[in-house]
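Student: Spelled out, the chains give:
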Amino acid sequence: MAITPSSSGGMNRLLRILGLLALLAWTGAGLFFWLNVREKIVIELRPAGEESADDTILLLQDDVQQVRRDLNTLTRALEENMSKLVAALEEEMTSSSDALQQRITSLETKLVQARNRPSPHPETERLLAAAEALRVELGALREAVAHGGWSSRPAGAAGVDAGPRHVRQAVKSHDAAVGTSGRHPAARPVAVKPVEPAPDSRATPPPSDERAVTKRESPEPSVDEPLKAPVATAGRKRGFLSFKLPGRALGFDALQRFEIIPRLSRVGYDAQSTLHDFTGATQAVSGRFVLNPAYPESEASGNVRVHAGKIKTGNEDRDAGMYDLLHTREHPDIVFTIEGAEDVRTDAAARRSEGIVRGTLSIGGVGKPFSIPVTLSMDEGHRLLIKGEAPLKLSTFGIEAPSKMGFISMEDEVKVWVAIRARAMGKP
Amino acid sequence: MDWKRITILLFLPAVLFQSCGGSELAPEERDVTLDRPLLEWRPALRADIPGFYVSRGIEGEAAASVLSMEYIFQEDGSYTGAALVLDENGRPSFQTLSGTWRLEEGRLVLDDSEPAEVSVAGDHLRLTAPTGTVILVRGPLT
Numbered sequence: 001m002a003i004t005p006s007s008s009g010g011m012n013r014l015l016r017i018l019g020l021l022a023l024l025a026w027t028g029a030g031l032f033f034w035l036n037v038r039e040k041i042v043i044e045l046r047p048a049g050e051e052s053a054d055d056t057i058l059l060l061q062d063d064v065q066q067v068r069r070d071l072n073t074l075t076r077a078l079e080e081n082m083s084k085l086v087a088a089l090e091e092e093m094t095s096s097s098d099a100l101q102q103r104i105t106s107l108e109t110k111l112v113q114a115r116n117r118p119s120p121h122p123e124t125e126r127l128l129a130a131a132e133a134l135r136v137e138l139g140a141l142r143e144a145v146a147h148g149g150w151s152s153r154p155a156g157a158a159g160v161d162a163g164p165r166h167v168r169q170a171v172k173s174h175d176a177a178v179g180t181s182g183r184h185p186a187a188r189p190v191a192v193k194p195v196e197p198a199p200d201s202r203a204t205p206p207p208s209d210e211r212a213v214t215k216r217e218s219p220e221p222s223v224d225e226p227l228k229a230p231v232a233t234a235g236r237k238r239g240f241l242s243f244k245l246p247g248r249a250l251g252f253d254a255l256q257r258f259e260i261i262p263r264l265s266r267v268g269y270d271a272q273s274t275l276h277d278f279t280g281a282t283q284a285v286s287g288r289f290v291l292n293p294a295y296p297e298s299e300a301s302g303n304v305r306v307h308a309g310k311i312k313t314g315n316e317d318r319d320a321g322m323y324d325l326l327h328t329r330e331h332p333d334i335v336f337t338i339e340g341a342e343d344v345r346t347d348a349a350a351r352r353s354e355g356i357v358r359g360t361l362s363i364g365g366v367g368k369p370f371s372i373p374v375t376l377s378m379d380e381g382h383r384l385l386i387k388g389e390a391p392l393k394l395s396t397f398g399i400e401a402p403s404k405m406g407f408i409s410m411e412d413e414v415k416v417w418v419a420i421r422a423r424a425m426g427k428p
Numbered sequence: 429m430d431w432k433r434i435t436i437l438l439f440l441p442a443v444l445f446q447s448c449g450g451s452e453l454a455p456e457e458r459d460v461t462l463d464r465p466l467l468e469w470r471p472a473l474r475a476d477i478p479g480f481y482v483s484r485g486i487e488g489e490a491a492a493s494v495l496s497m498e499y500i501f502q503e504d505g506s507y508t509g510a511a512l513v514l515d516e517n518g519r520p521s522f523q524t525l526s527g528t529w530r531l532e533e534g535r536l537v538l539d540d541s542e543p544a545e546v547s548v549a550g551d552h553l554r555l556t557a558p559t560g561t562v563i564l565v566r567g568p569l570t
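Residue numbers (the numbering used here), protein chains in the order written: chain A, 1 to 428; chain B, 429 to 570.
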């Protein structure tokens with residue numbers, strides 16, 4: 001197509017108009033953007049290398065916000081981890097508790113079988129004690145679960161620290177008490193105090209035997225305390241009113257030497273006669289013996305001596321006649337030689353045991369076997385208190401019951417009793 | 429009436445008079461009661477302390493080791509004491525010591541030992557420490 005001058009002039013005008021429109025559009029767009037951003041832009045002129053205080057604050061604020069975000073992230077992560085840890089520990093607790101329960105149940109079954117045998121195995125008492133120890137430990141475990149608080153805390157550091165440590169100790173001590181290869185030194189006889197079974201007991205129902213193991217409602221750490229009681233420790237302490245005392249408090253469960261304290265002891269007998277009853281008693285008692293108060297059947301030896309010439313009945317004539325019958329000049333002392341103990345029941349938590357002490361009683365030079373049921377306990381002065389009584393026939397020892405004029409006579413059988421306090425003197 | 433019955437009738441009153449008086453001891457009375465005087469105790473003042481004392485009874489853990497104690501508390505705050513103490517093997521030995529005593533908030537402090545609650549009743553002084561209680565009775569220092 002050919003371009004003519006008239007068409008060329010039109011083209012020029014069109015180009016001018018387009019150029020003007022483009023200029024107007026560009027300028028309008030610039031004004032539009034300027035109006036939109038001019039209030040958001042602050043231009044400040046300052047020497048190079050300097051920062052304003054506002055910038056520093058902004059930077060710090062930004063840093064703080066970043067740290068805060070990081071902390072939140074860490075907190076969430078910690079909470080998740082601690083929750084997992086607590087859940088794992090709870091699971092471990094549950095499994096340990098179940099395992100312990102199974103072991104106790106098994107042990108109880110064996111004990112019942114052992115008791116039902118015609119002649120109980122001597123190991124029965126030790127198994128019984130081990131079962132009781134298991135019960136105590138199980139109670140501690142359950143207590144930790146129920147009241148430890150750490151399982152319900154939201155990842156509290158104190159709770160997590162306290163709970164598992166306590167649990168680990170309980171499990172550890174329990175494992176030590178049970179042992180995996182049979183008898184353990186700790187599996188010696190422990191307190192066996194019959195108590196009512198807990199309502200939620202999962203153990204085998206206790207047998208009818210009153211000495212059988214029964215379930216404790218709550219852990220009784222005191223049962224274990226006597227076993228841990230130090231006995232005649234070598235260390236000395238700055239103690240009572242500035243004097244240095246040896247650490248020799250009486251441990252109830254330990255083999256020890258004892259010495260009778262005469263001023264705190266009394267022995268005697270109750271007698272019946274035709275007219276009235278009377279008592280002969282004296283504090284002239286002495287002696288030394290060796291035993292473990294908690295388990296005297298394990299070893300018991302020694303003697304108790306009573307100065308027969310010091311026994312008083314409250315009637316001098318009667319006393320004189322008694323001394324003649326007892327041959328106090330030739331045999332001034334009545335001596336009981338301890339040879340052993342049997343049928344012992346121990347409540348170590350109460351530091352008390354009961355049993356029958358047997359030996360040889362020598363009266364007026366005549367020795368005969370003699371047994372006396374006694375209770376052993378500790379008094380407030382940490383002394384061993386021995387109480388007991390038993391019937392005794394005078395004729396057994398060749399003593400004729402005295403009588404007056406043939407019609408006022410004394411019964412042949414008297415009741416001998418003891419109320420003795422003895423001081424622990426250390427290991428044998 | 430034969431001679432035996434006559435004898436009984438003649439001598440029975442005398443025999444009864446001589447032998448009556450049942451003296452059976454009740455089981456709860458067999459145990460020797462600890463020498464614990466029934467006294468009305470009150471907190472001790474400083475003026476109550478000085479004097480010479482001998483132990484009358486010791487209880488608590490200390491009783492396992494201490495057989496007897498004696499103290500002399502002086503007005504000037506000094507004291508000396510002796511105790512018969514059993515060692516680990518049960519052998520008795522005397523311990524003596526001297527030092528200073530003071531009363532702090534009603535508690536007796538001997539040197540650096542554990543404070544003891546102190547109360548007084550007449551001539552008796554009772555010191556109760558965590559490891560035991562001793563009842564002392566004031567005596568003449570001859």
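Derived by calculation from the structure, the hints in this document are not laboratory data. On a predicted model such as this, the values are computed, not experimentally measured, just so you know. One or more of the hints may lead you astray.
[Unchecked claim] Some chain A residues close to chain B (C-beta under 7 angstroms, calculated; not the full set):
#1 L241
#2 F243
#3 L264
#4 D270
#5 D277
#6 T279
#7 F370
#8 T375
#9 M378
#10 W417
#11 M425
#12 P428
Where a beta carbon is used, it is the ideal one built from N, C-alpha and C, also for glycine.
Student: Next step is simple, just say for each hint if it's right about the structure.
Tutor: Structure-based check of all given hints:
{"no.": "1", "hint": "L241", "in the structure": "6 angstroms, holds"}
{"no.": "2", "hint": "F243", "in the structure": "5 angstroms, holds"}
{"no.": "3", "hint": "L264", "in the structure": "5 angstroms, holds"}
{"no.": "4", "hint": "D270", "in the structure": "6 angstroms, holds"}
{"no.": "5", "hint": "D277", "in the structure": "4 angstroms, holds"}
{"no.": "6", "hint": "T279", "in the structure": "4 angstroms, holds"}
{"no.": "7", "hint": "F370", "in the structure": "18 angstroms, violated"}
{"no.": "8", "hint": "T375", "in the structure": "11 angstroms, violated"}
{"no.": "9", "hint": "M378", "in the structure": "10 angstroms, violated"}
{"no.": "10", "hint": "W417", "in the structure": "6 angstroms, holds"}
{"no.": "11", "hint": "M425", "in the structure": "3 angstroms, holds"}
{"no.": "12", "hint": "P428", "in the structure": "10 angstroms, violated"}
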